[in-house]
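We have chain A; now place chains B, C and D onto it with these hints.
4 protein chains.
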Amino acid sequence: MKKIGILTSGGDAPGMNAHIRAVVRHGLNKGIEVIGIEDGFAGLIEGKFKKMKRANTANIISLGGTILYTSRCKAFHTIGGRAAAADRIKEANLDGLIVCGGNGSFHGAHLLWKEHQIPAIGTPGTIDNDLYGTDWTIGYDTAINTATEAIDKIRDTAYSHGRVFIVEVMGRNAGFIAMDVGISTGAEYIAIPETESNIDILYKKILEQGKNNRTIVIVGEGDEVGGAMAFSQILKDRFDVKSHVTILGHIQRGGSPTVRDRVLATRLGVAAVDALLEDKTDIMVGQINKELAFIQLEDTWTKKKKIINYQITLSEAV
Amino acid sequence: MKKIGILTSGGDAPGMNAHIRAVVRHGLNKGIEVIGIEDGFAGLIEGKFKKMKRANTANIISLGGTILYTSRCKAFHTIGGRAAAADRIKEANLDGLIVCGGNGSFHGAHLLWKEHQIPAIGTPGTIDNDLYGTDWTIGYDTAINTATEAIDKIRDTAYSHGRVFIVEVMGRNAGFIAMDVGISTGAEYIAIPETESNIDILYKKILEQGKNNRTIVIVGEGDEVGGAMAFSQILKDRFDVKSHVTILGHIQRGGSPTVRDRVLATRLGVAAVDALLEDKTDIMVGQINKELAFIQLEDTWTKKKKIINYQITLSEAV
Amino acid sequence: MKKIGILTSGGDAPGMNAHIRAVVRHGLNKGIEVIGIEDGFAGLIEGKFKKMKRANTANIISLGGTILYTSRCKAFHTIGGRAAAADRIKEANLDGLIVCGGNGSFHGAHLLWKEHQIPAIGTPGTIDNDLYGTDWTIGYDTAINTATEAIDKIRDTAYSHGRVFIVEVMGRNAGFIAMDVGISTGAEYIAIPETESNIDILYKKILEQGKNNRTIVIVGEGDEVGGAMAFSQILKDRFDVKSHVTILGHIQRGGSPTVRDRVLATRLGVAAVDALLEDKTDIMVGQINKELAFIQLEDTWTKKKKIINYQITLSEAV
Amino acid sequence: MKKIGILTSGGDAPGMNAHIRAVVRHGLNKGIEVIGIEDGFAGLIEGKFKKMKRANTANIISLGGTILYTSRCKAFHTIGGRAAAADRIKEANLDGLIVCGGNGSFHGAHLLWKEHQIPAIGTPGTIDNDLYGTDWTIGYDTAINTATEAIDKIRDTAYSHGRVFIVEVMGRNAGFIAMDVGISTGAEYIAIPETESNIDILYKKILEQGKNNRTIVIVGEGDEVGGAMAFSQILKDRFDVKSHVTILGHIQRGGSPTVRDRVLATRLGVAAVDALLEDKTDIMVGQINKELAFIQLEDTWTKKKKIINYQITLSEAV
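Protein chains in written order, with the numbering used here: chain A, 1 to 318; chain B, 319 to 636; chain C, 637 to 954; chain D, 955 to 1272.
Don't read these hints as lab results, they were simulated from the structure.
Note that this is a predicted model, so its numbers are computed, not measured.
Worth double-checking, as some hints may not be accurate.
Claimed, not checked - Cβ-to-Cβ under 7 Å is the rule here; a few derived chain A residues that face chain B:
#, residue
1, Glu33
2, Gly64
3, Asn173
Claimed, not checked - Label pairs and their calculated CB-CB ranges:
#, chain 1, residue 1, chain 2, residue 2, range
4, C, Lys750, B, Arg372, 30 to 36 Å
5, A, Lys305, B, Lys368, 49 to 55 Å
6, B, Gln614, D, Glu1252, 41 to 47 Å
As the list claims (entries may be wrong) - Quick look at which bits of chain A chain B covers, simulated, 3 or more residues with Cβ under 8 Å:
#, stretch
7, 69-83
8, 103-117
9, 253-261
Beta carbons: idealized from backbone N, C-alpha and C, even for Gly.
Okay, chain A solo, but in the shape it has when bound:
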């Protein structure tokens, strides 16, 4: 293992730069060359390779986004696309690849190994936290803090006016963001894709507050009711309750990473380099109960990570 590549893929997540920094610096410390691949798998196919020096990663640990850029690449879903990528990798003499992204990106890394025997390590980079095999993904802690700070501001208006606010947060088909954000903002109701919503309970809570119904409802984007707008419409139609909708949107994907995201991103960057050096491949490096965890890439999308039970209890208890 003399020369490795690193790319970021799929949606960007805060902490990706801290991760790139750790991969580059630990790689250089170990005496290997590190190549940054721009634009994710698209750049891999196009050969957008850049030799990384220590200085290229100076002062980036605090930056959101990814200095290597990212993309969602359709060509990589084809056999031809992956073959072209493998050619670029061989031409550049890369001995292994680190792919930071979500399960779509891991699928690509897995096929690169299966079809072309390119050693590939996945690292969990997504704000959604929906990857089996790691307690948290890089970017998740920042996203939930960003969402919570935004909703703290909305609560100022909810309290000043006595209004019902329905706030939609990201998370795709998983309710992690909604759950943590709901608990941390003291939301009166939390709707997640994993459980069926019971709007009668919400209505009861609104009624309890009397005339000045200062209510915050957090809705995960993948909730089966259909998002915050649909939720608001049901409240109107069934109970004649007026509510305001805010869809937090892309502000949840950016920003300077929190400490947890920076430390996790750094640790997994070091571990991913070590894993390649130990000839590991086709696995994701995660963290479970403070320890490093290694899991087959395939398991990250075939197995389903569960919302922790205590969270559901908490969201009802308080």
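The following block gives chains B, C and D in isolation, referenced to the frame of chain A:
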């Protein structure tokens, strides 16, 4: 002048609590009693009056929202509603009223003076900055900083992915927020209600950026194109350019006030009490070029405050 | 168990309000009365008791500090002081007590149980994270994020000027804060009380950077060298290197809690009430590897929590 | 005017990057070449020149510090040093120079013009706001907001414990920062270099608060008492009042600039380029009452900018 009332009305704005604090403390220092009226004009009609002590305003200077609550009150638009309010004021022996809000609220204060001779002073409390007679309104500086911080996060994704983002900011029929936020985020295009949008210019800027079009467009909610969604649709229909839309929404209305908002709110609170003590009425207390400014309430909604020319120049220059 | 008390003690920590909120609301939901005791053990001796309603904890989940106030109480170190406290508790018919604080506070709670059989549950509330029996303490996550954000700002100047900055962070005799903050700010050197500092290594790192030595050193306040000022002096005396010192100080103790601190504080609040209801006493409720953990109060100060090994590795690897 | 240089000098200030961006982009738009000079006057003497493209200023508007670096240069205080700098300027065919900094830097620019007829424009870049000829300097608004946010956190502890905190802020011999920060944090006492401190008044305020003296005192670093430590000592010696000291230090110099700083920096960048193109020299470009202001460089350090009277009034009124 022995006893005065203070209320907040219309949309809440950061700094309203700093303002209430200054009115209460300066009033008490001057030896007069200060009554907090809850829920704006609605609470005035209902007699929701509360005697304020110094301690009631401890530790609130940094809080968003308004501890006196606020409302948009339809009953106050009627002669009967205002008569009821005047009765409450007389019953409580209030010698004057301070109304912190926007031009709708000032209209109410003006009629209270005209119809019932209740001395009334307006203070500019709105994030929109759309009040004639003051350089800035209480809440504006916080709102533009909140929006800018949010868009800084969106820019992380815009840069990482090479995407066009259309971000809609508040401001009603005025482009102040959009203009300041557009300049401060280095937006490629700013659409404000005051000028006609030229989407060809925007398209040219997007083209200039080549394949990776990292573009931020700021659209004021009152823009004649019809907001960010309409803007995005036009880009799609006319130029086949794909863009992402974020509507910042109510996060712009809350949060801990900035220094400028706290200092302005404090200064105008002191000045409003002084104005009542000097038997002024039917005016708004504002600040122009660092000096206190006094203007007829009527002028605040009949005259139109203009976007400063240099801002339009800047938005094109850089 | 019909009536319980809750107090906060020792240094305040962000999340204490979220914790109080959870104790009060979960207690009320379980049908028991909850008494807030002001000023920690000092207020316990003086009988500063206040019946808590749900509304007393509205909108406090996002606030730093503690609405029940706190103190370091010398009288409680005496047998007489604790006897007086026990009298107040019996007069008020409190069936149990929840004490949120650090190991000094737990010592007090333990003696209250030993000497007067007052059922007492401790919950870990300190920014220092130096309590055995829980992965994190309430307030720790906020403190490390606050320190990191502050040092990100200092890094702007370090980079712009090419300077060496020595930044002292809190943590008493434990290096948790220094370690996490050092990794997350990409510090060139981290000095913690648990290990001996090797200033030659630091000097070598400074030399490697050539003329423009953009260097951040994080020093835990309990480090054996004697804090940041001493560190700076040694650099000057031994290597003639000029450095700037910043002691972050009390800003690390305040501020709106992060999501992790709010969720942890909420969870432990619910668990502490449940523990009292299950007739547990003389234990601290913590969280280890995502699960609730129960540990004898005595162990929290007799056993020593260790810095995690991977952190020491990381601080050297990157 | 075909080719101009831009440098940042003295202490770094948030907004310097927004300023560089505006100079570069407006210069390029006007068809002139823009050279970035690194390390301030030191880099000018050493010829550290770099041709700036539009892309060099992409995505820097939100960054603290200065991408051109800065320094305090002793050699430039000598005739020989300035002569060497003039040689570099002539070798590089620079037709004019923009110097962003404080009055020390302006002194240098002035001498470069006097001694070598290098057209030079100053722009006010310092957090201290102590320059005559402009309402605000670039960086000031960010610094006061940073300090206020830090003190909001300290207030959490002051309230929770009932303590007196003495907080020292920057500002050199001017009290601008202390005054704005004192008003915005609702400080009980503000000590500025421009007026004599009356610690009896402070003691009276502390007494008024009774046993739980929740008091914040803001001390400007240039205050004649000698800073926060001296202030604390006097409180101890004269009144036996215990207090806690925090010196905010360099966190006030960094961080992402506020909207006002970004807009001011952008406006003055455009205006500085325009001023060179109009053959102006030996002046500072500032902003007074919303309008651009042009003032002889010499006046910026020979004339003294005054604290605004209303601020002193406010600090006593509330």
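Each hint tested on the structure:
1. Glu33: Where the cut-off is 7 Å and the nearest Cβ of chain B is about 24 Å from A:Glu33, the hint is violated.
2. Gly64: Constraint on A:Gly64 satisfied, holds at 4 Å.
3. Asn173: Constraint on A:Asn173 not satisfied, violated at 20 Å.
4. C:Lys750 - B:Arg372: 30 to 36 Å: Violated, since C:Lys750 and B:Arg372 (Cβ atoms, about 44 Å apart) do not stay within the stated range.
5. A:Lys305 - B:Lys368: 49 to 55 Å: holds (50 Å)
6. B:Gln614 - D:Glu1252: 41 to 47 Å: Since B:Gln614 and D:Glu1252 have Cβ atoms about 44 Å apart, the given range 41 to 47 Å holds.
7. 69-83: Holds: 3 residues of the stretch 69-83 of chain A have a Cβ under 8 Å from chain B.
8. 103-117: As far as the stretch 103-117 of chain A goes, the hint is violated, because 0 residues have Cβ atoms under 8 Å from chain B.
9. 253-261: Coverage by chain B holds for the stretch 253-261 of chain A (3 residues, Cβ < 8 Å).
The structure is inconsistent with the numbered hints 1, 3, 4, 8, although it conforms to all the rest.
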